[in-house]
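Note that the protein sequences, when read in sequence, are chains A and B.
Just so you know, we're using our numbering here: the first sequence kicks off at 15 and counts up by one.
Just so you know, we're using our numbering here: the second sequence kicks off at 665 and counts up by one.
Because the hints were derived from the structure by calculation, they are not lab data.
There may be inaccurate statements among the hints.
[Stated by the list, open to error] Taking beta-carbon pairs under 10 Å as the criterion, some of the chain A residues facing chain B (in silico):
1) Pro38
2) Asp39
3) Phe42
4) Asp44
5) Glu49
6) Arg53
[Said to hold, decoys possible] Here are some chain A residues the structure puts well away from chain B; computed CB gaps all over 12 Å:
7) Lys25
8) Gly32
9) Ala43
10) Ala47
11) Ala59
12) Ile71
13) Pro75
14) Ala107
15) Glu110
[To be verified] Label-pair restraints from in silico Cβ distances:
16) A/Arg54 <-> B/Gly730: 30 to 36 Å
17) A/Ala113 <-> B/Ala890: 58 to 64 Å
18) A/Pro75 <-> B/Glu810: 45 to 51 Å
19) B/Gly730 <-> A/Gln27: 47 to 53 Å
20) B/Glu871 <-> A/Gly26: 50 to 56 Å
21) B/Asp704 <-> A/Leu69: 30 to 36 Å
22) A/Arg100 <-> B/Thr695: 55 to 61 Å
23) B/Gly716 <-> A/Asp72: 40 to 46 Å
24) B/Glu871 <-> A/Ala64: 38 to 44 Å
25) B/Ala674 <-> A/Arg65: 37 to 43 Å
From the three backbone atoms N, C-alpha and C, an ideal C-beta is built for every residue, glycine too.
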Amino acid sequence: MIYEVFRQERKGQPFVHGGSFHAPDQAFADAYAREFYARRQESVALWVVAREQILEIDEFPDEFDLKYRRVDGYSIKARLKEARERVGSTERARAEAAAVPPPERE
Amino acid sequence: MNSVPQRSKAELLLELADDELILGWRDSEWTGIAPFLEEDVAFSSIAQNEIGHARALYELAARDLGTDADALAFDRRPDEYRCAPLVQLRRLEWARTIARHWLYETADAVRIEALRSSEDAEVAGLAGKIGREETYHRLHAEMWIERLLAAPEGRARLEEALLELWPYALGVLEGGLREAFAGLVRERLPFSLPEVVAIPRDRHETELGELLEEMTIVRRSAPAGAQW
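Can you build the whole structure from these sequences, using the hints too?
The structure is reproduced here in structure tokens:
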């Protein structure tokens, strides 16, 4: 049976697919997952899932070519640039404000 | 349950260290040729752990004996090694390897548990640390025993291997610890093991000489005090 392993590198981070291995049952999968993905303390937690238990979806029909639903349907380049400039100016203002020492407090 | 026969602390540590070092060496002989890749990695890792335990035990013994861990591991005469015959055997056959692994881990668990209540705080502390790692070795051995017992062929091969190794396994421990160990083994198996005479620790198999010859070859070829 093939098991897929998802590893978490630090607490709070998302689990990321690490790889897969063969094991005859869950007890072996437990042992092998530890050896392959955690023996060097490179993971803080693992999700070990039998591949057959994973619901895989890979067909997304779009018969009528509904372009307007997709994010690539229109250009956001100009709007992104505008947004970046706006953020840049507020960050500059914030940095200038931070440069002034705050009033002393007890 | 402290029925470890009286011997000096250093002697006791050397017995344990030699068992772990030689078993670690034997288990590492599977690296690259284990039955399948996943097991190759897992078993090699267990072998590395055993050698790590040996190192910690040699370091503790070395302080009492005024030497260092490498000298204890590599520079003694073959007749000075105190490892049990069980770990000396070279049996590159998977059922026997698993049978030995399980017998050794079961015996070691009994021994480590007794040492955890040692009056010597350093020995007790190290036994606790080793015990926590050995828990995973035991789980590994146990899952294989369960798997082998589940099918007629596996069961037959395991039984044959255990019958061969049983007198060797009994020789790992003495007195009350040996009885406790034998009880645990018998309790787990669906077939019975005969009453046999244990093969004592001072017996050396010819395979041990060959192993030491190979294991110390780098040490002997390098000038004393070489640093790597």
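Hint-by-hint comparison with the structure:
no.	hint	verdict
1	Pro38	holds, 7 Å
2	Asp39	holds, 8 Å
3	Phe42	holds, 6 Å
4	Asp44	holds, 8 Å
5	Glu49	holds, 4 Å
6	Arg53	holds, 6 Å
7	Lys25	holds, 21 Å
8	Gly32	holds, 14 Å
9	Ala43	violated, 9 Å
10	Ala47	violated, 10 Å
11	Ala59	holds, 17 Å
12	Ile71	holds, 29 Å
13	Pro75	holds, 39 Å
14	Ala107	holds, 55 Å
15	Glu110	holds, 55 Å
16	A/Arg54 <-> B/Gly730: 30 to 36 Å	holds, 35 Å
17	A/Ala113 <-> B/Ala890: 58 to 64 Å	holds, 59 Å
18	A/Pro75 <-> B/Glu810: 45 to 51 Å	holds, 47 Å
19	B/Gly730 <-> A/Gln27: 47 to 53 Å	holds, 49 Å
20	B/Glu871 <-> A/Gly26: 50 to 56 Å	holds, 52 Å
21	B/Asp704 <-> A/Leu69: 30 to 36 Å	holds, 32 Å
22	A/Arg100 <-> B/Thr695: 55 to 61 Å	holds, 60 Å
23	B/Gly716 <-> A/Asp72: 40 to 46 Å	holds, 45 Å
24	B/Glu871 <-> A/Ala64: 38 to 44 Å	holds, 41 Å
25	B/Ala674 <-> A/Arg65: 37 to 43 Å	violated, 52 Å
When the structure is compared with the earlier hints, violations turn up for hints 9, 10 and 25 and for no others.
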